Amino acid sequence: MADHDVALTVNGEPRRGRAEARTTLADFLRDELGLTGTHLACEHGVCGSCTVLFDGDAVRACLLFAVQAAGHEVVTIEGIAPAPGGPDRGALDPGAPDRGALGPVQQAFMECHGLQCGFCTPGFVVSVSAFLDECSDPTDAQILDGLSGNLCRCTGYQGIVAAVRRAVELRSGALPAAEPSESRP
Amino acid sequence: MSTPVAGRFVGQSVLRREDPRLLTGRGTYVDDITVAGLVHAAFVRSHVAAGRITHLDIAAARALDGVVAVITAADLNAGAGSLQPTIQLHDPSNAPLRALADGDVRFVGEPVAVVIARSRAIAEDGCDLVALDIDPSAAVVDPEAALAPGAPLVHRERDSNLAQEMPVLLPQYDEAKARAAHVVRATFRQHRQTPSPMETRGIVAIANPASGELHCHLSTQNPHEARLVLARATGTPEHLVRVTARDVGGGFGQKFMLQRDEIVIALAAKHLGRAVKWIEDRRENLIASTHARTDVTTVELALDADGHMLGAFVDELEDAGAFPVGAAGGAASAVGAFFPGAYRIPALSWIARAAWTNTCPRGAYRGPWMMETVCREQMVDVAARAIGLDPLELRRRNVIATTELPYTTPMGMTYEAITPAETLEQAAAAIGHDAFRTEQQRAFVAEGRLLGVGYSLYVEPCAMGSMDPLGTESATVRVQPSGTVLVSLGSGSHGQGLETTMAQVVAEELGIDVDQVVVVQGDTDVAPYGRGTGGSGSAIIGANACRAASAVVRDRTCEIAAHLMEAAPGDLEVVDGEVRVKGTPTRSVAWTEVARVAYHDTARLAAGARRGLEATESYTAPPVTFANACHAVTVEVDARTGITTILRYVVSEDCGRMINPMIVDGQIAGGVAQGIGGALYEHVVYDGDGNPLTTTFMDYLLPTASEIPAIEIHHIETPANNPGGHKGVGEGGAIGSPAAVFNAVADALALVGAEVRDQPLGPRQILAALTAAGH
Ligand code: FES
Ligand code: FES
Chain A
1 MADHDVALTV
11 NGEPRRGRAE
21 ARTTLADFLR
31 DELGLTGTHL
41 ACEHGVCGSC
51 TVLFDGDAVR
61 ACLLFAVQAA
71 GHEVVTIEGI
81 APAPGGPDRG
91 ALDPGAPDRG
101 ALGPVQQAFM
111 ECHGLQCGFC
121 TPGFVVSVSA
131 FLDECSDPTD
141 AQILDGLSGN
151 LCRCTGYQGI
161 VAAVRRAVEL
171 RSGALPAAEP
181 SESRP
Chain B
1 MSTPVAGRFV
11 GQSVLRREDP
21 RLLTGRGTYV
31 DDITVAGLVH
41 AAFVRSHVAA
51 GRITHLDIAA
61 ARALDGVVAV
71 ITAADLNAGA
81 GSLQPTIQLH
91 DPSNAPLRAL
101 ADGDVRFVGE
111 PVAVVIARSR
121 AIAEDGCDLV
131 ALDIDPSAAV
141 VDPEAALAPG
151 APLVHRERDS
161 NLAQEMPVLL
171 PQYDEAKARA
181 AHVVRATFRQ
191 HRQTPSPMET
201 RGIVAIANPA
211 SGELHCHLST
221 QNPHEARLVL
231 ARATGTPEHL
241 VRVTARDVGG
251 GFGQKFMLQR
261 DEIVIALAAK
271 HLGRAVKWIE
281 DRRENLIAST
291 HARTDVTTVE
301 LALDADGHML
311 GAFVDELEDA
321 GAFPVGAAGG
331 AASAVGAFFP
341 GAYRIPALSW
351 IARAAWTNTC
361 PRGAYRGPWM
371 METVCREQMV
381 DVAARAIGLD
391 PLELRRRNVI
401 ATTELPYTTP
411 MGMTYEAITP
421 AETLEQAAAA
431 IGHDAFRTEQ
441 QRAFVAEGRL
451 LGVGYSLYVE
461 PCAMGSMDPL
471 GTESATVRVQ
481 PSGTVLVSLG
491 SGSHGQGLET
501 TMAQVVAEEL
511 GIDVDQVVVV
521 QGDTDVAPYG
531 RGTGGSGSAI
541 IGANACRAAS
551 AVVRDRTCEI
561 AAHLMEAAPG
571 DLEVVDGEVR
581 VKGTPTRSVA
591 WTEVARVAYH
601 DTARLAAGAR
611 RGLEATESYT
621 APPVTFANAC
631 HAVTVEVDAR
641 TGITTILRYV
651 VSEDCGRMIN
661 PMIVDGQIAG
671 GVAQGIGGAL
681 YEHVVYDGDG
691 NPLTTTFMDY
701 LLPTASEIPA
711 IEIHHIETPA
721 NNPGGHKGVG
731 EGGAIGSPAA
741 VFNAVADALA
751 LVGAEVRDQP
761 LGPRQILAAL
771 TAAGH
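So the sequences go chain by chain: A and B.
Taking my numbering, I'd label the letters of the first sequence as residues 1 to 185.
Taking my numbering, I'd label the letters of the second sequence as residues 1 to 775.
Isolated chain A (complex conformation) (with noise of 0.2 Å):
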């Protein structure tokens, strides 16, 4: 099958590579450029584990063609937390020791125990991520319908939805409650 040559920007870098033309996205981002952080639960749209950010909106990267991404602009999770040094997308404590900087919605989903086994997590902060640009201080009826197209088998929500309610004060400029690592009450 012939290869495409696919050009688009990821994380804030341009990043080019061969697809098929039946490549998704979510693959294209896996085996081509690398970056695992996009899992893929169902491959058939319903999870939301795959999310990511699509010329700023979340999408499924499973349902996406990646030669439909070219010229896009496409973040990721890994590009959802400040790498160092790079473009500070809300870092609130860049110089934490060791655990790399965590952007709001990370900081509130450690926070409030919004993780079990992770696999789900980075769509659900990105998801999470671009429902709160849309929707800067939802109603809790608003929370459980932006969280609603992604699936967590660990969690029973309880942490996710605390964790969405803390990002919200967070990014409004509250401080973090706790360190990490630190008890909390």
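These are calculated hints, taken from the structure and not from any lab test.
Honestly, I wouldn't trust all of these hints.
The following label-pair restraints were derived from C-beta to C-beta distances [what the hints assert, rightly or not]:
| no. | chain 1 | residue 1 | chain 2 | residue 2 | range |
| --- | --- | --- | --- | --- | --- |
| 1 | B | E238 | A | E32 | 54 to 64 Å |
| 2 | B | A443 | A | E13 | 54 to 64 Å |
| 3 | A | R16 | B | M698 | 28 to 38 Å |
| 4 | A | G56 | B | H47 | 39 to 49 Å |
| 5 | A | A141 | B | A773 | 26 to 36 Å |
Here's a subset of chain B near chain A, in silico, CB distances under 10 Å, partners left out [as the list claims (entries may be wrong)]:
| no. | residue |
| --- | --- |
| 6 | D19 |
| 7 | A73 |
| 8 | N77 |
| 9 | G81 |
| 10 | S211 |
| 11 | G666 |
| 12 | H714 |
| 13 | I716 |
The structure displayed is predicted, hence computed values, not measured ones.
Beta carbons: idealized from backbone N, C-alpha and C, even for Gly.
Using the hints, position chain B with the ligands against chain A.
Chain B with the ligands only, in chain A's frame:
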């Protein structure tokens, strides 16, 4: 009952150290592993439930550009050793398992051939080119039909479909029944479900023909068990097999025992002498990994005139599927033996059976024998309605009180340190039982609305210490020259946060900061032999193994420090990274200095003292440790649409001394959500010919955030009889929740005299029940 005091780390909601890598896409799951020369596998699977393979032609697939090999039973089966898990190596009830289907097929999804190619896409193209013809024969899809006379045989090597039968029929029950005022009998059917971890199964098997090594990266809960199975199956000496698992995307029991698909890939890698990757897709996971639940249970409950339970009879039949993973009947016998749960039921008889069917293998799923709670708790409500008592009142009359402990069940199991009556009252108070009953009547009379409340009370056996090799864990605690501590464990954390909780335990025991401790697990070359992660055992077995090894290291640290300070070791303690004389904190030596001396300044050690500072210790759990909980839920059933809405969900539980309350609550919430999903939405469906109809997440419905209510969790902390005082907590949420939801819906439907027995409780089933009741 004393409530344990939280330690500096144990008992604290320490944030998880796993999280930063998982939140930034820097985790390492099996599909993230790649190695030079890697090739990719896809399975050709049976498309019929039962039949004879009449034609299998792989020539066109083999000729496809990019295909490396096409492997069938003829290539692999004869050279394969045992495929069975260690615990049932010699179990006479094992199904005749084979690597690849040979001559016939026994369920839809059974692997027939493997295509190995340069990419997964080409491997799938190759699968399409394999010509497979099967002459179908009659399939048995239902366990009751499987046991009917003349039923077609699932395994032609066996003379019936009865995989296991265990009757325990005692005269005491017949005597109890003879003097009972009420004998209530009902049959409960639990529908087929599947664990559905978000990460499917997967393996990267790297065979090195030059060194003889076989290194498998796996998505597994149990690395050492996987190594043993792979060693036996591939004929590789155990020490040349290495299994690693860094991050595992959920398991819930499905990844506890290694299954044939991964074994086949390892065999293929050895056969080819190269590295082969297989990542299961969701369709495969839904039809061919493991299914669970699927029980038919008849319960007879004998009560006196006041509603005191005199005895019970349980007839449990489990559907084992074609090739059960784990012992056939393993769940069924536990359903009988554990049936009394939290109640004083002095006489018990039971019969447990398991039947093979032409369906996906049955496997463990979070509380594999939870049918004992599902059927018992529904039975309590059925009996309460039959004799005119509030189900809460019937529970109150029969629940075992703390004052009765230790209490021995008719099966000879002794409860101590449990609190079922307390959790029942705590849950009833939290849900506001009396006020809810008033509101339920008002809403029904005034508005015709159907509200209901349901309870589920259970005592959960955890961490079976007598079940070799599942009852023992080992831990190595190694202080490094810098003073930092590396803990290695044979566990297979897959969401439980063991890298965090086990570090809390070690830091607490050693008296150093938790950030000084790192926990490495999921690597058989690094960790001592261990039991893996499952069976609600990590807190009890893993944490106490960590404690035992830490105690040895702490004592040796004190010996070294005592020599340095010219003090007696028994007078020393380690606090905040300082080894100091008790009562004279100014006389101290830094933990890091002791570590340095132990390795790099050994002339200062006592004559003959061992260099270095580490210990490996193991811990074997008591035969069984019991945790307990009560779930209470209120629902509204919409009589027009048949849709059930959960109004409130309360859990009161006692898992003993908690290591990390945040993680405990997370385990409970996750289990509850799975149980709610199972009760209301999730259903693996086969048609009458054994064709699976639920092959995507559009058909197999996992609950989303919108379906799961806020879960209120209350704790009672009664220390168990082990060094840490812990009990298990991983499975309980999923054990308690389905019956609570079933009972709440039944309570609502009882307002109009409707009864629902068909599950899950979807709109179709509820509307049918309402129609049958003339509503
Ligand atoms: S993997 Fe894309 S939605 Fe599930
Ligand atoms: S954390 Fe495991 S699936 Fe969400």
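Quick rundown of the hints versus the structure:
In this structure, B/E238 and A/E32 break the distance hint of 54 to 64 Å, their C-beta atoms being roughly 38 Å apart. Distance hint for B/A443 and A/E13: a CB-CB separation of about 59 Å, consistent with the stated range 54 to 64 Å. A C-beta distance of roughly 35 Å is found between A/R16 and B/M698, which places it inside the suggested range of 28 to 38 Å. Separated by about 43 Å at the C-beta atoms, A/G56 and B/H47 satisfy the suggested range of 39 to 49 Å.
Taken as a hint, the range 26 to 36 Å holds for the pair A/A141 and B/A773, whose Cβ atoms sit roughly 33 Å apart. The interface hint given for B/D19 holds, since its Cβ lies 4 Å from the closest Cβ of chain A, which is under the 10 Å cut-off. The criterion of a C-beta within 10 Å of any C-beta in chain A is not met by B/A73, whose closest approach is roughly 28 Å, and the hint is violated. With a least beta-carbon distance of about 30 Å to chain A, the hint placing B/N77 at the interface is violated under the 10 Å criterion.
Interface hint at B/G81: violated, since its Cβ lies 32 Å from the closest Cβ of chain A, which is beyond the 10 Å cut-off. Look at B/S211: its Cβ only gets to about 28 Å from chain A, farther than 10 Å, so that hint breaks. This hint holds: B/G666 has a C-beta 5 Å from the nearest C-beta of chain A, less than the 10 Å allowed. For B/H714, the suggested interface contact is broken, since its CB lies about 14 Å from the closest CB of chain A, more than 10 Å.
For B/I716, the interface hint is violated, the least distance from its beta-carbon to any beta-carbon of chain A being 20 Å, above 10 Å.
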